[in-house]
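Numbering (our numbering), first residue to last: 14 to 114.
It should be emphasised that the hints constitute simulated quantities derived from the structure, not laboratory data. Wrong hints could be hidden among the right ones.
[Claimed, not checked] Across the chosen pairs, the derived CB separations fall in these ranges:
#1 Ala52 x Asp95: 13 to 21 Å
#2 Gly108 x Glu34: 27 to 35 Å
#3 Pro23 x Pro44: 27 to 35 Å
#4 Gln82 x Met14: 13 to 21 Å
#5 Asp61 x Leu85: 25 to 33 Å
#6 Pro44 x Arg24: 29 to 37 Å
#7 Thr17 x Pro84: 24 to 32 Å
#8 Arg46 x Thr22: 26 to 34 Å
#9 Tyr29 x Lys49: 29 to 37 Å
#10 Arg107 x Pro87: 25 to 33 Å
[Claimed, not checked] The calculated DMTMM-like cross-link candidates involving lysine to aspartate or glutamate, where the alpha carbons are at most 20 Å apart (straight line), are:
#11 Lys50 x Glu34
#12 Lys49 x Glu34
#13 Lys50 x Asp95
#14 Lys50 x Asp69
#15 Lys49 x Asp33
#16 Lys50 x Glu109
#17 Lys49 x Asp69
#18 Lys50 x Asp33
#19 Lys49 x Asp95
All C-beta atoms, glycine included, are put in the ideal place defined by N, C-alpha and C.
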Amino acid sequence: MGWTISHSTPRIIRPYGAIDELAQHVAHVLPARDWKKLAPCLQASSGDPIRIRPRDAARMATALRTAAQHPLMPRQWVDLADRLAIAAHTAATRGETWIWS
Numbered sequence: 014m015g016w017t018i019s020h021s022t023p024r025i026i027r028p029y030g031a032i033d034e035l036a037q038h039v040a041h042v043l044p045a046r047d048w049k050k051l052a053p054c055l056q057a058s059s060g061d062p063i064r065i066r067p068r069d070a071a072r073m074a075t076a077l078r079t080a081a082q083h084p085l086m087p088r089q090w091v092d093l094a095d096r097l098a099i100a101a102h103t104a105a106t107r108g109e110t111w112i113w114s
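Between the sequences and the hints, there should be enough to build the whole structure, so can you do that?
And the structure:
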């Protein structure tokens, strides 16, 4: 099982473990204030859907983009962080809830 993440093209579908691993890398490259913005998604336990308000998705998009552009972010995780940033930004600009299910 894993997460299916809305507002992504192509659709982002990732196993729970992949998101857990991304979370570890993001935690190493972001300051705590930015990490806290992402914790609702990246620290979520598997199972229950996550619904993120557009305003919060916009903040998450910025933090994810910062993580993706950080020189210490492992190359194999840059694409996923960037795709998540784009999905969050898309939800935010449309004024729609960003959903992880």
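Taking the earlier hints as the rules, which of them does this structure contradict? 4, 9
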